[in-house]
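Read left to right, the sequence shown gives residues 1497 to 1686 (this note's numbering).
Since the hints were made in silico from the structure, they are not lab data.
Remember, predicted model here, so these are calculated numbers, not experimental data.
Positions of the beta carbon are idealized from the N, C-alpha and C atoms, including for glycine.
Since no wrong hints were added, every one of them can be taken at face value.
Distance windows between CB atoms, simulated:
hint	residue 1	residue 2	range
1	Asp1681	Val1559	33 to 43 Å
2	Asp1543	Leu1506	49 to 59 Å
3	Ser1616	Ala1544	24 to 34 Å
4	Asp1557	Val1678	36 to 46 Å
5	Thr1595	Arg1669	11 to 21 Å
6	His1679	Val1620	12 to 22 Å
7	Thr1640	Thr1597	17 to 27 Å
8	Asp1677	Thr1552	34 to 44 Å
9	His1679	Gln1590	26 to 36 Å
10	Asp1543	Val1680	41 to 51 Å
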Amino acid sequence: MWQRWVQGGLLALSVVLACFLVYLLVTNSIVVPTPTSAAPGSMDTADATISKFTFTQTKGDTVQWQVQAQEARLFERDRRAMLQVVAVTLFGQQGKELTVTGDEGTLDTETKNFVLVNRSEPLVIHTESGYVIYTNHLAWTDQTREIRTQDPVRIVGHGLEVTGRGLLGHLDREEFEVLEDVHVDMAPAS
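Generate the whole structure from the sequences, applying the supplied hints.
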């Protein structure tokens, strides 16, 4: 008889504990909000982080350009890669046309456009024809194969120094145009 009382008591205790557990789960459950986009470039929201990142754009068997970065944070939903310590080589019809290094950049993985910036010193762009271009910001448009900036620009080489604001470079035609406030100084022949 006493065993029935113990079994009944344990069963009642189990039911009370189960009800208490259900009560705790219902009252203390937290609705998890859907993830929202954090600040651009936030490490927490990156889908992947890659060290020693290389992205090569080709057309047929011809390499058009290559981006190398010390680190890339990939954001698949935004279709972009945030790059740190970046080196870009653009290839023209004659082969390597220009190289540029920057502190950081953004690559649109869908359009293949990218932007490079430096935090403290200007970007340094070396052309194969012997000119060096200095600017703070550079954007590449893959569809038209153009580099562009609206920032101040300085071009040095072959006894010339060209300064102004804005730059448009047509890689296929191997032409670079300073857009506004253009000043040209010739270095004295030595």
